[in-house]
Each structure stands twice: as C-alpha cells, then as structure tokens.
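Student: Protein chains in written order, with the numbering used here: chain H, 1 to 75; chain D, 1 to 256; chain Y, 1 to 363.
Hints are not guaranteed to be accurate.
[Claimed, not checked] Below, a list of computed lysine-lysine pairs in the BS3-like style, where the Cα atoms sit at most 30 Å apart:
1) K226/D to K45/H
2) K214/Y to K7/D
3) K214/Y to K15/D
4) K5/H to K201/D
5) K45/H to K73/H
6) K5/H to K226/D
7) K204/Y to K10/Y
8) K15/D to K131/Y
9) K358/Y to K201/D
10) K39/H to K197/D
11) K73/H to K7/D
12) K194/D to K45/H
13) K210/Y to K201/D
14) K45/H to K201/D
15) K73/H to K197/D
16) K73/H to K194/D
17) K197/D to K5/H
18) K39/H to K234/D
In short, the hints are calculated from the structure, not lab data.
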Amino acid sequence: MAKIKGTVVVATERCKGCGVCVEACPCNVLGLATEVNGKGYRYVKMANPDACTGCASCAIICPDSCLVIYRQKFE
Amino acid sequence: MAEVEIKAENLVYGKPRLITDEVMHYCPGCSHGTVHKLVAEVIEEMGLEGASVGVSPVGCSVFAYRYIDIDWIEAAHGRACAVATAAKRLNPQNLVFTYQGDGDLAAIGAGETIHAAARGENIVTIFINNAIYGMTGGQMSPTTLLGMKTATTPYGRDPQLNGFPYKIADMMAHLDGATYITRQSVHTPAAVRKCKKAIRKAFENSMAGNGYSLVEVVATCNSGWKLSPVAANKWMEENMVPVYPLGDIKSTTLPK
Amino acid sequence: MADKEVKLMKGNEVIAHAAVRCGCDGYFGYPITPQSEVMETLMELEPWKTTGMVVLQAESEVSSINMVYGGAATGKKVMTSSSSPGVSLMSEGLSYIAASELPCLVVNCQRGGPGLGTIQPSQGDYFQACKGGGHGDYHLIVLAPASVQEMHDFVGLGFDLAFKYRNPAMILADGAIGQMMEKVVLAPQQPRRTQEELLAQCGKWATTGKGERKEQNICTSLELQSELMEKINERMQAKYREIEQNEARWEEIECEDADYIIVAFGSSARICSATVEMARKEGLKVGLLRPITLYPFPTKPIEALAERGVKGFLSVELNAGQMVEDVRLAVEGKAPVKHYGRMGGMMFNPQDVLDELKDKLVK
C-alpha cells in the first residue's frame, strides 16, 4: 500500500527554539535538540522522523520561516 | 524505510522568497514573524512584489522593512494610515498597506486610522492586537484586558484607573468607507491558513478600489505577557479571543 | 509669447494657483484662519481633473504633515499650508521629513500667538521656522515673501530648493500677506512629472514600489546604532553648510551709503521701506536690508555693512525680538543692534519705526 513520508529541514541558526511547531505537529515528530545554535537557542529537530507525513503544519505556523518540508510517495 | 529525497519535486513548503535572510529580532514565538510570512506569501502570489509599498510605524514591527523585501516607508508613531493615504492616492497603481500594533493603531493613531477608514482609502491595515506595547517593554495598551498585568498595570488593569479596553475593529465597522473588516489569529496552523485567506481578500479588495480593509490579528506577546510561546498561545485562546472574537466583522462594497 | 496672465489676487489664493501651475502632485491640508483660502481655492480649481494633482483635506495638521511625508517618500511634489498653531502640530513630522532627507513645501501663514492667540498677522514663528520647531538638529529652508508676487514665485522656488537639497522648504508668510490682494503675474502651466521622469530624478531613493529594481527603497529616519546615526547627522550638517553657502537671498534698499540699517522681512519690510524714504527726506541716511531667505540667514551682507562702519542696526519684527539675535550674531558687536516690534497682531506704521530708530540708535 503506497505510503506518504515527509521530512523537515531546519534552518538551525534561524530557529529560536520557541516550540510552537512542536506543539502544532499532529504526529509528535518534532522536539527541541539538546544542542544549541549560535544564539544559544535549542533549535528544533525531528525526534521521530519516521512519523512525519509532510503535512507542513509545523512550517506553516513557524514565526521565523525556519522549516522546509519535503514529501515523497513510496510504493 | 527509504528516506525522503531533498529535491525540488518533493518540496511542499519553504521560506517565502520575499522573506529576507535576516534573522528577525522578534522574541521567540512572536506572532509578528508568522504574519510577516503571510504578507510576503500573498504579495508574491498576487505578483505585486514590484508594486507594493508597506508602511511600518513605531512598534516592534517598525523593522518589518528588514524582513519583507518590498519598498517600505517607516512612519511616526500613530501616523501610518496618513502616510499610506498619500502614498496610495499619489500612486493608485500600487498596493499600499500599513502594518501596525494595537498601541500605534488604537491609541496614538486612532484618529488617523478611523479617518482613513471613514474616507474609504484604498489601503489595507494589518493590525496586530497583542494587547500590549511590546517594543517599549510591555506597557498597557487600549486593548489590554481588564485584570491583565503589564508594566503600567502591575496589579492588573483596573477600570477605575485605566478605563476599559475597546474593540476598534467593531467600531470601524460602522464607517461606510471600511468595506472589509476581519479578525484573525495565527496561533494554530488552521488559524494561519484562514488568516492568509483574509489577507489575500483584503489585498484584493484594496487593489479593486473597494475602500478600506482592516485585518486584525489577535496575537501574542511572550515577553510582555511573561509566558512561554506555547503557553501564550493557550492564554490568548482562553482570554483574548472571547473579548476579541475571531471571524469576519464586515464584508461589503462601498455604498453608491 | 502669450501675453502674461496678470491677476488681482489674495496671497493665499495665489499659493493654490502657483502650486497647480508648477506641477505640484499633491496638497494635504487642514482649515485654519488666516490661510484656509489655499485649500478652498484648490478645491475650486479641481486640479485632479486637469493636471491630476491630488488635493485632500485631512483630519488634523498632524495627519496632513504625515500625508506630506508619505507623498514625499514616493518622490512626488507635495505640500501643505497652515498657520502657527497648526505648524506647531507639524513639528514632529517636519523633523521626520528632514531626517529622512525628503523634499516638500510647507506654507506657514503666521498669526499672533502664543497659544490660540489671534488671527491677525505676526512674525512670532521665526524661531520655530529657523531654529527648528521639532526635535533634533535640522533646518527648514525658509523663504519670507513680502508681496503676493513673491507668494506666487516662492512656491516654485521652494519646491526647486527642496528637491535640490532633499529637505523641507517653508514659505513663512503672515496673515497680512496671505489676505492682501495685489497684482500678480501667474507662471504658465508646467506639466507634472511623468512616473518615468520622477524615477529618473528620485528613483534611487523614492518608495515607488520596486518595479524592476532589485533592492528595496526604504524611507526611514530610524537608526539605533549611534555611529551610523552620527554619520547621518554629519551628512545633514554638510548639506546645511552647502545651503548656507549657496542659497542666502536678500534685498538691499539704499544701504550703500546708509549710516543706519533696518533689517526687516515680509510685512515689516513693506512698512520699513516707507520709513527709509521718510528718513532720507529728513537727511537721515537709513537703509533697509530685507532677508528673503530666513534660513539660510543673510549673514555676509550684514557683516559687510557692519565692517563698513554702519552706526547701528534696528531689527524690526512683529514679535518680541527673534531675528534680532541673528542680526547680532552677524554684526558681532561692531555696532549696536536694537529691536522694535509689535505683538498680538498689532502692527506699527512707518513713523513708529522712524521714531524708534532715532530713539534707540541716533545719538
């Protein structure tokens, strides 16, 4: 059965670790990294990459336009 | 399980072209950044990059010109609608919009805003209502809720001392020159999508010469409210939205 | 050449005609006595139907000057007119326009102040106009008309200087010049600039919408970094030195052999020119130096007269003594500099001025 998978590419230096995307993700894909970026913010990353469907809810709500979403169909 | 390939055909959503690469100075989670993104997306989708002039008055978003790649005029506090009135009347072919906070629009700029609407100026106002003066450090504004703590209402807004918050968008609905007035928010993905549609409708309304459009965005101010971004979104939904209900307030054409 | 168009007109009315004829793009104003005829005349002329000029009555002078600011930011030729209390409300806007290095024209038809005061003529806004009524280091280029013809001529001149230096220009008139009727020769109609011509002239800075341009044009006076804000101020000061060097204008009436010099502008100068004649009849060698630009102030000619040994200067103004300070600065103690003035809208007559000159200067 065909499966849609997505992935989230994070502009880590632009992210301020606000966590709004983590909250908005319907599949609990995202989490804040333990590492920090140049400004000391714990940027967001995919904690459960396999759960991502590429729905882009996270990117849509991101105030800093940090997230780029790709989606692909797998047979 | 195979990995998603990072290539153009698979791209679903990314940073809008008209959002510059400069990291925004806004506090983490601030609604300004989200609304900036929607404005940039709508301008690009309408092909108006070359014809847009934004007016950014004093307030956190005075630096909007660093983040959205169009021509901008920075305005004195409260005067954005006057600046935009002239910029539009002298260049009717342009899309002219103001991007104002609640202090700028409903306090010092109430006169300019109401009269621009009353005259039916073909401009759009993006009105970020987070019930506080963000840039100056979180003071009370005309839309601060009763009981709400701010730097100038440290024990909560008390009507005897500080009067009552007022719903300027509803007031302006009575002005014949204002043809599209809506209240939106950007605290959930669904809300963001609706807000983008509203901004698009407002820009189209303006370019069609159908009078004044106001898009109020009920928004958060994490630093002013002293809440985390996620908590602020929640607090807004529970406290701000009941006082400033979301949805279209007016959508009509200019009276003949 | 078509014969000249000669009219009998009020100063305020001719401002409107001159604006339309010099290709002005927009007027934004608010009613205030004694200059409401400017906007009334524009509304009668309906230039939006002929040249396409925008004319808009705003809800306040604060709004008017910010409309002028918005229009100027887009490179258009825009103006407003008001009177003393209204011009006070425009001070912040004027500071923004100067700091953003934008051209515009503001007409101040002065009335007696301070406060609500009276609607009769006065020159009590000299400091406000020349020393900067708003915040920060900036100057307006200030032209002082003494006739209805000069009211007409200074609209075109004011715009030319404003665009030449990208700085606000002011016509500092008063209720008398605004309300009096005189013969005036009207300039022929000049077409408004096309958008292409505007882009050629102002395209590098004007917020016209990017069009094909890659970079944004941003009109702002905000600069939080002090090093950069000082650079902006230094650039402005260099401009003012250049204006002071090149744009001072004045008229000298019988000053060559004068023992005493009256310095007066606008309505006062009209009266003092009669005083010069009266004095000369009595064998008293008096001359009149009439500043036409109040900023840049005509310091050099006054310096020269003081160098030549003029025995005394009388600054005659409809105020408590403002321009007298600039005359003193120019004379630098080489001769006594006194002031004579009336306030509250009262005016002196030529004999009053002569009596004062004798009393204060002639020993």
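Student: Can you confirm whether the C-alpha distance between K39/H and K197/D stays at or below 30 Å?
Tutor: violated (34 Å)
Student: Under the criterion that the straight-line Cα-Cα distance not exceed 30 Å, is the pair K39/H, K234/D satisfied?
Tutor: It holds: about 26 Å lies between the C-alpha atoms, which stays within 30 Å.
Student: Within a Cα-Cα threshold of 30 Å, do K45/H and K73/H meet the stated pairing?
Tutor: holds (22 Å)
Student: Is it true that the CA of K194/D sits at most 30 Å from the CA of K45/H?
Tutor: holds (27 Å)
Student: Run the distance test for K197/D versus K5/H: straight-line Cα separation, threshold 30 Å.
Tutor: holds (27 Å)
Student: Straight-line Cα separation of K358/Y and K201/D no greater than 30 Å?
Tutor: The given pair, whose Cα atoms are some 75 Å apart, is violated under the 30 Å limit.
Student: Need the status of pair K73/H, K194/D: alpha-carbon distance at most 30 Å?
Tutor: holds (28 Å)
Student: Would the pair K73/H and K7/D pass a check requiring their Cα atoms to be no farther apart than 30 Å?
Tutor: holds (13 Å)
Student: Just to be careful, I want the Cα atoms of K226/D and K45/H compared with a cutoff of 30 Å; is the pair within it?
Tutor: holds (25 Å)
Student: Is the Cα-Cα distance between K73/H and K197/D 30 Å or less?
Tutor: Holds - the C-alpha atoms of K197/D and K73/H are around 28 Å apart, at most 30 Å.
Student: Regarding the pair K214/Y and K15/D, is the alpha-carbon distance no greater than 30 Å?
Tutor: holds (19 Å)
Student: CA of K5/H to CA of K226/D, is that 30 Å or under?
Tutor: Status violated; Cα separation ~38 Å.
In summary, the structure is inconsistent with hints 4, 6, 7, 8, 9, 10, 14 from the numbered list given earlier, while agreeing with the others.
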